[in-house]
Structure formats: structure tokens, C-alpha cells
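J.: The listed protein sequences derive, respectively, from chains A and B.
Quick note, the working numbering runs 18 ahead of the 1-based positions in the first sequence.
Quick note, the working numbering runs 18 ahead of the 1-based positions in the second sequence.
Hints in this document: simulated from the structure, not taken from any laboratory.
There may be inaccurate statements among the hints.
Note that identical chains are pooled: a pair holds if it fits in a single copy or bridges any two copies.
Below, simulated EDC-like cross-link-like pairs (lysine to aspartate or glutamate); rule was C-alpha separation at most 20 Å, straight line [claimed, not checked]:
hint, residue 1, residue 2
1, Lys39, Glu76
2, Lys27, Glu185
3, Lys99, Glu121
4, Lys119, Glu76
5, Lys58, Glu124
6, Lys99, Glu76
7, Lys184, Glu124
8, Lys20, Glu121
9, Lys129, Asp29
10, Lys39, Glu107
11, Lys130, Asp29
12, Lys119, Glu107
Being a predicted model, the structure only gives us computed values, none of them experimental.
Now for the letters of each chain:
There are 2 protein chains.
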Amino acid sequence: MKLLVERIKQDGQALSEHVLKVDAFLNHQIDPELMQEIGKEFAARFADEGITKIVTIESSGIAPAVMAGLYLHVPVVFARKRKSLTLSEGLLTASVHSFTKNETNEISISKKYVAQDDRVLIIDDFLANGQAALGLIDIVEQSGANLAGIGIVIEKSFQDGAAKLKELGIRVESLAQIEALEGGKVLFKNDKVEELV
Amino acid sequence: MKLLVERIKQDGQALSEHVLKVDAFLNHQIDPELMQEIGKEFAARFADEGITKIVTIESSGIAPAVMAGLYLHVPVVFARKRKSLTLSEGLLTASVHSFTKNETNEISISKKYVAQDDRVLIIDDFLANGQAALGLIDIVEQSGANLAGIGIVIEKSFQDGAAKLKELGIRVESLAQIEALEGGKVLFKNDKVEELV
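If we strip away everything but chain A, and leave its shape as in the complex, we get:
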């Protein structure tokens, strides 16, 4: 997605060979118009999949997921990272380890909101080693719903999450694919193609 790639080039910061900071427009400050275009793009890519529900995870998945839900005309459910007092029963849960934060969270979704007759699109802001995505997939499987695919805003293609998901036969649509972070620069997969468009 050209608009997103341009924005990463302009405002993303490669803090190390592993960390891309995009808090200017995606995961701290959010650009609503960019999110709208991202939502339209996800909706277009999954238009023929009969999606009935979008599942994401708090907090940075919410903005792109809600915009995708707006254009697919389906509700969005976000997994919580710890239990809240008003959501204590009837939960589907999974454990997710974050290598960035070096901590394991229990993520959960109410059984009420993902059910057997749903066809689910999972959306998240980043795909790195795939831990969050695998946790969400686990929850969708527990619910008995059918998984249509995963929509990712930024894929770090140099980590193994995308490969793991494709091995499971899951459709992964990433709007920007990063090949490497080198010397403070962001190198995109198919970068020449992007620039010729």
C-alpha cells in the first residue's frame, strides 16, 4: 500500500535492527485519515470472504480494525490483555509472549462475541514473530468460528511470523512488508515495485 509505505519512509524510525518506531501515526499518535485508507484497503482485499466479524487486540490494533469494520460493515471485537472485573465469566483465553516487552500476557475475548457461525478476519498493527496472531487464532479456533485470514498493517518480513502463519495455510495480507532495518534505514520488500507504481 503505497500511502502507508510513503508514511513509514517519512515518519518511521528504525531504532535498531529489530525495532521500528511508528508512534507518529500508528501506535501512539494515530492519523485517522491514514487509518481510514487502511480500513478501505483491508475491506477491498477481503471483500469476497464473507467476513462477519473482525477480531483484534488492544490497543494499537483497534484503530485499523474499526476502520476495516466500517467498510466491511461488521462488528469488531478486541481481545483484552488482562481480565477486567466486568468481564470475568465466559472468556476464551490464550497466552501471548511479547519479546519486545519480555512479558507474557493472557489475552481474552468474551464467548458471546465470537461464535461458531462467524467468519473472522483478524487484524493487527504489526506482525513480527507472530505470537499475538497465534494467540488470536487460538481464540478463534476455540470459539468454533471460521478464520478467513489475517490483515496486518506492517509486517516485519525478516522475522518468522508471516512464514509460520503461511505454513498453517492462513491467508496473510500485509499492507507494508519490511525486509530489513539497517543503519537507521527501512528497506521494504518489493521496494522497486512500490517506487515504480
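Keeping the supplied structure of chain A fixed, place chain B upon it in accordance with the hints.
T.: Coordinates of chain B only, in the frame set by chain A:
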């Protein structure tokens, strides 16, 4: 806002005299089309305020805030409830006690994203005792920015948050105002007016 009041009547659950569960459309499952209408309503109410930035708090404030940002054409910044590794320096912080969860969180926003020349609209999903709002106001004041007002999706008017904020001279716009939760029923402020519309 009639659409919101109708939705609370339809899908809200008064779990006790203090707890209203709206996880069917606002803070677990999210209805994107309702959020869009909420965003338009906030944008209309604050249209003449010269807003340059929206500030909210993760996670349930994000969806209404992003939709308001879309229609006001301004970026949204969400306060985080604990520090993350990639956002460690240059933070504005405040302490927020949650009576519902009986815990105190440090909330933080990067100094980069709220500055002296900003005119800020704070948006949140609920206003009860005002702790989250006061924490966000504290952060906005620390930044030197100017506060235009606060937009709330659901105000629990039987708790003292709205009164506290008005005493401080702050403009509060609540899209639904709940007078009481009694015997499993939700009673709205100005309910007769709503029903005559």
C-alpha cells in the same frame, strides 16, 4: 444523542447500581457505524473550537476518538496505561486511580505529540468519578497546550466526575447522560426529552 441512547437501552446491561456494561458495542465489541456517528457528533459539537489534537486513553477511548479525529481532520494521541520499552523518554505522566478495578495506573503521553501550540479535545468512553479525565487534563496542562473541552460517550451523572470538571470551568459534552441504574434498568437524564424527539 438519540442513536446512542437507543443502543444503550437495547444492549446495555445495568449490572448493579454503579456498573453499566456496554461491551456489546463500545468497550469490548465495537460497532464501527455507531462510532462513526459518535465521531460526527463530537466533531459537530466542537466544530468552532479550533481543535488541533484529540487526546484519549487506551483502550476504549480509541475508537470514538479516532472517528472524531477523522471528522475534525486532526490527529489522535492515546495515553498509555504503563510505560512501554520503545517509549521511555520524554513522557508526560499522571496517576489515575480506577475505582472499578481498584488499582492505580501511571498514564503517559509522549511530549512530542502534545505541544504548546495545540488546542486539545479530550475524548473518553465513560465519565464516572472523573479520575481518567483529570489525569488527561493534568497531562495537557503539563504540555502547555490549551484545553478546549471534553467529549464523553457515556456520562454517569450520578457520580461526581462531570460536576468536578464543570467546577474547573471545563466544557463537558456527554452524548448520553445516565441519571441512575436501578433494578437492572437504565434511567437517562432528560429521558422524556429524548423520547419526544
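J.: Between Lys119 and Glu107, at a C-alpha cutoff of 20 Å, which is it: within one copy, between copies, both, or neither?
T.: The answer is between: 16 Å across copies meets 20 Å, while 28 Å in one copy does not.
J.: First find the shortest C-alpha distance between Lys39 and Glu107 inside one copy, then the shortest across copies, and answer within, between, both or neither for a cut-off of 20 Å.
T.: Between copies, since 13 Å is at most 20 Å while 36 Å is not.
J.: For Lys184 and Glu124, with the copy left unspecified, which applies at a CA distance of at most 20 Å: within, between, both, or neither?
T.: neither (24 Å within a copy, 39 Å between copies)
J.: Evaluate Lys130 and Asp29 at a C-alpha cut-off of 20 Å and name the case that applies: within, between, both or neither.
T.: between (39 Å within a copy, 13 Å between copies)
J.: From the Cα coordinates, with 20 Å as the cut-off, is the pair Lys99 and Glu76 best called within, between, both, or neither?
T.: Classified as both; 7 Å inside a copy, 12 Å across copies.
J.: How would you label the pair Lys39, Glu76 (within, between, both, or neither) given a Cα cut-off of 20 Å?
T.: This pair counts as both: shortest intra-copy Cα distance 18 Å, inter-copy 18 Å.
J.: How do Lys129 and Asp29 come out at 20 Å by Cα distance, when the copy is not named: within, between, both, or neither?
T.: between (39 Å within a copy, 16 Å between copies)
J.: Up to 20 Å between alpha-carbons, please classify Lys58 paired with Glu124: within, between, both or neither.
T.: Neither: 31 Å inside a copy, 35 Å across copies.
J.: Given identical chains, is Lys27 near Glu185, meaning Cα to Cα at most 20 Å, within a copy, between copies, both, or neither?
T.: neither (30 Å within a copy, 46 Å between copies)
J.: Could you place Lys20 and Glu121 in one of the four classes (within, between, both, neither) given a Cα distance threshold of 20 Å?
T.: neither (34 Å within a copy, 43 Å between copies)
J.: From the Cα coordinates, with 20 Å as the cut-off, is the pair Lys99 and Glu121 best called within, between, both, or neither?
T.: For Lys99 and Glu121, the Cα distance is within 20 Å both inside one copy (11 Å) and across copies (16 Å).
J.: Which holds for Lys119 with Glu76 at a C-alpha limit of 20 Å: within a copy, between copies, both or neither?
T.: both (15 Å within a copy, 18 Å between copies)
Against the hints set out earlier in the document, violations occur for numbers 2, 5, 7 and 8.
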